[in-house]
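Novice: As a plain string of letters, each chain reads:
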Amino acid sequence: MSEIQLMDELKARLGADRVLTAREDILPYGFDGTATLKQLPACVVFPRDAADVSTVLKLAREHRAPVVTRGSGTGLSGGSVPLPGAVVLCLVKMDRILEVDTANLTLRAEAGAITQKIYDAADAVGLFYPPDPGSMKISTIGGNVAENSGGLRGLKYGVTRDYVMGLEVVLADGSICWLGSKCVKDVAGYNLRDLFIGSEGTLGVVTQVLLKLLPKPAARQTLLATYTAMDAAAETVSAIIAAKIIPCTLEFLDQKTLRCVEDFAKVGLPRDAAAILLVETDGHPAAVADEAAKIEELCRAHGASSVRRAATAAEAAQLATARRSAFSALARLRPTTILEDVTVPRSELASMIRAVEVIAKKHDLNIATFGHFGDGNLHPTILTDERNTAEMHRVELAFTEIVDETLKRGGTITGEHGVGLAKKPFLKRQLGDASYDLLRLVKKSLDPEGLLNPGKIFD
Amino acid sequence: MSSAVKTQNLLKGLDYSVLQQCMHCGMCLPTCPTYVETKEERNSPRGRIALMRAIADEELEITKAFGEEMYYCLGCLACTSACPAGVNYSELFETARADVEKSAVLASPKRDFIRWSVLRILFTRPRLLRLVGRTLWLWQASGLQSLARRAGLTKLLPKNLRRLEPQAPTIRAKFSHQLIRPIEKPAAPKRRVLVLTGCVQDLAFSDVNRATVDVLLANGCEVHTPPVQPCCGSLHAHNGDTDTARVLARRQLDLINPDDFDAIISNAGGCGSHLRAYDHLLHDDPVYTQRAAAWSKKLKDIHEYLVEINFRKPAAPLGSPLAGAPSTVTYHESCHLCHGQKVSSQPRAILKSLPGVELRECAEAQWCCGSAGIYNITQPDTSAWLQDRKIGHLAATDAQVVATANPGCHLQIQSGLAAHGHPATEVAHPVVLLARAYAAESDHF
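Taken in sequence, the protein lines are chains A and B.
Letter by letter, the first sequence follows residues 1 to 459 in the numbering used here.
Letter by letter, the second sequence follows residues 1 to 445 in the numbering used here.
Some hints could be false.
Claimed, not checked - Below 30 Å or equal to it, Euclidean Cα-Cα: the simulated DSSO-like pairs (lysine-lysine) are:
no.: 1; chain 1: A; residue 1: Lys117; chain 2: B; residue 2: Lys12
no.: 2; chain 1: A; residue 1: Lys156; chain 2: A; residue 2: Lys216
no.: 3; chain 1: B; residue 1: Lys174; chain 2: B; residue 2: Lys298
no.: 4; chain 1: B; residue 1: Lys352; chain 2: A; residue 2: Lys256
no.: 5; chain 1: B; residue 1: Lys64; chain 2: A; residue 2: Lys38
no.: 6; chain 1: B; residue 1: Lys298; chain 2: A; residue 2: Lys93
no.: 7; chain 1: A; residue 1: Lys256; chain 2: B; residue 2: Lys297
no.: 8; chain 1: A; residue 1: Lys212; chain 2: B; residue 2: Lys39
no.: 9; chain 1: A; residue 1: Lys424; chain 2: A; residue 2: Lys38
no.: 10; chain 1: B; residue 1: Lys12; chain 2: B; residue 2: Lys342
no.: 11; chain 1: A; residue 1: Lys424; chain 2: A; residue 2: Lys362
no.: 12; chain 1: B; residue 1: Lys298; chain 2: A; residue 2: Lys38
no.: 13; chain 1: A; residue 1: Lys58; chain 2: B; residue 2: Lys352
no.: 14; chain 1: B; residue 1: Lys64; chain 2: A; residue 2: Lys93
no.: 15; chain 1: A; residue 1: Lys266; chain 2: A; residue 2: Lys244
no.: 16; chain 1: B; residue 1: Lys155; chain 2: B; residue 2: Lys190
Stated by the list, open to error - Residues from chain A shown here face chain B by an in silico Cβ test under 10 Å; the list is partial:
no.: 17; residue: Tyr29
no.: 18; residue: Leu214
no.: 19; residue: Cys260
no.: 20; residue: Thr389
Unchecked claim - Chain B regions said to be covered by chain A (calculated; three or more residues, Cβ under 8 Å):
no.: 21; region: 33 to 44
no.: 22; region: 62 to 68
no.: 23; region: 135 to 144
No lab work stands behind these hints, which were simulated from the structure alone.
Cβ coordinates follow ideal geometry from the N, Cα and C atoms, glycine included.
Kindly generate the complete structure, drawing on both the sequences and the hints.
Specialist: This is the structure we're talking about:
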């Protein structure tokens, strides 16, 4: 059956205004936040609810058309880049926050709800939703669940997975199921909810999310430490962790990154520093004061040339916002910005940074590095030009070597961006044959016809 | 024909790195009013840039739908403030609109006539514009307008005009040149500046121009104000007529030599944003490149300049608090002042300096009010939605005065306040409030 027939049926069932097919309308859905990847879909569909999603999946199954689910399209591994002939299932219009339960400290929202709005809704009643990916101002909670997104607060508070208590999921055959509950303890049956977290749209479509909230920390303190050498900054990170201090945030920016961020955000970052650490501690006011003092001492002991404390909450928020812009701000330097996401055990940080430097030099590439160093999560970012084929070839070689160095240190190819298309070639090496086959087995049983985001994670 | 369109394609002629600068991270989406309205990518900055790039890459023709999209964009430039990558959306947008006009995908006899009469005739001839303004003033001041309204005659107007009729600016009895002498000097001049009087500002807000001169005089500036000034060309550049925009810029540079002044002052957000980009507009002009570069260095927004020269803070008037003077003010930022010129803290510094006045921040101060040049004429629905949203946020502050620094915003907010039952709320340019405060210093009770 033809693509056109499928589109007509989608329009008939969902309403013509819910289906985009014109070239001008669908061209902007050909990519997400990942560099260099693009593919035009057949159409874009905006469901209203899980029942609409179910309708779309059933029709797609009848017509054997692949379905690529997306939210705001800010992903960084190509997870929501369409396939030829694909139906793009865009959930951004299902964006309601359905319930904030202050008795049980939970929040239930539709998958298209914006992460920032979820944070704000919790904040308004004195509660706290910690995961804060860089794109939180526009990313959807459904996308965060599908990619198991991290963020700046991962060190102390964990990632999206740690806050998902329940999910409404539409399966490949169109059936709608609810996984999880508001209960803190719940061991009834397999923990299938976790299976869908980080599944990148390959196992089902998440349509609703039940989230765990925390009490809002009473106090926060943000410190900015300046270094004249990258190594010293990395060693400070290890020292803080070794001193049994777990700050909320422990971010690293090298000179290239901090200069780009400063050009955009103008928050007074020291442009001449070789690197900076942005550290935030939160909790009880006394504990915060104590931790901040210890952190400052450790920074100085490990070679920080200066340590500045944010004077106000507004200044602290400005610094965090500035840090969140790092990846995009780096685009100021070269036409194409390719972001890496490798993560190593924290004890390996300093040596991993040195390895990235060596690789950059060897392949004559411009690499900036920033990242969530408290998590061992690096974002070496290659600044290049996709039209320069010779340079792009060197980029590929460099990536392979970065992956080699990561795996050698017991690290992972992706800390928080997902495998998608970008990391697909490296997954088997990390997992090994048996684990890799297990993934395929799970996929096969939940999506036997291979229509849910096919070709992502693995072929 | 399509190949002819391709060879003329201005987007293709752009430095490709301007298009490539967008790395589609999506940080612009939540700040884009049209994306927030529809939640569809095509209506977002990132989506529009993708379409422009597709045209440059010859993956898309310049179609009617593309043309409509470029005119659905407000051109508010909120995306440029949100963009960490520093994409020059303004240039992309103006180039795309110029492409749309060149390829004539939106052409119709009515549209062509309106564009020709407004862009090519009215806003290229300052004396003619004043004549039209004078006629409109006669209509309003003679009582004919209210007579026509009461008799229900305005209902005979076509629907579009009927809706806009109440928004037509009230023309001032005196235009700028009748209020301001070509050169005015303070007792001991420390600086020499030139004031640009604008087009709509000149006819509908000549008091703002007078106030601009007053506050500059009060801060030791010798003020030059040429009585007849050409339109700056912003209306043309924003609407795809870059050729006329260049002609007007050259005319401006013929009239005014930037080297003669310490600063050239603009007091309208929309004009200033375009005026300070003359260097880019004429960067490849064989004659004017240097002069345009000098011009852009001297061009200052009035608030920016006042803060730069450390303006004198007005003293509380004798016998203060001033009876009846407004004590609460909120500030709506003109898009082209805050996003186009990145002037945001300075107007607030002026408002905060007013004795006895409290500045109450409103939500979404940096959001477009829906005026957006002639957007309220071309896209009435979206414009009205933005106007409602804006008035809601302004009214929530319960401030007695809404300060704003652009004639389009001024009119849009004024008519919105009236329509939403807040006719007593005053709309005023920050400089007018400052001039008033200076004047009040010497008032005795």
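Novice: Against each hint, give a clear statement of whether it holds in the structure.
Specialist: Hint-by-hint comparison with the structure:
no.: 1; hint: A:Lys117 x B:Lys12; verdict: violated (39 Å)
no.: 2; hint: A:Lys156 x A:Lys216; verdict: holds (14 Å)
no.: 3; hint: B:Lys174 x B:Lys298; verdict: holds (29 Å)
no.: 4; hint: B:Lys352 x A:Lys256; verdict: violated (38 Å)
no.: 5; hint: B:Lys64 x A:Lys38; verdict: holds (24 Å)
no.: 6; hint: B:Lys298 x A:Lys93; verdict: violated (47 Å)
no.: 7; hint: A:Lys256 x B:Lys297; verdict: holds (28 Å)
no.: 8; hint: A:Lys212 x B:Lys39; verdict: holds (27 Å)
no.: 9; hint: A:Lys424 x A:Lys38; verdict: holds (16 Å)
no.: 10; hint: B:Lys12 x B:Lys342; verdict: holds (29 Å)
no.: 11; hint: A:Lys424 x A:Lys362; verdict: holds (25 Å)
no.: 12; hint: B:Lys298 x A:Lys38; verdict: violated (44 Å)
no.: 13; hint: A:Lys58 x B:Lys352; verdict: violated (61 Å)
no.: 14; hint: B:Lys64 x A:Lys93; verdict: holds (26 Å)
no.: 15; hint: A:Lys266 x A:Lys244; verdict: violated (33 Å)
no.: 16; hint: B:Lys155 x B:Lys190; verdict: violated (55 Å)
no.: 17; hint: Tyr29; verdict: holds (6 Å)
no.: 18; hint: Leu214; verdict: violated (25 Å)
no.: 19; hint: Cys260; verdict: holds (8 Å)
no.: 20; hint: Thr389; verdict: violated (15 Å)
no.: 21; hint: 33 to 44; verdict: holds (count 5)
no.: 22; hint: 62 to 68; verdict: holds (count 3)
no.: 23; hint: 135 to 144; verdict: violated (count 0)
In summary, the numbered hints that this structure violates are 1, 4, 6, 12, 13, 15, 16, 18, 20 and 23.
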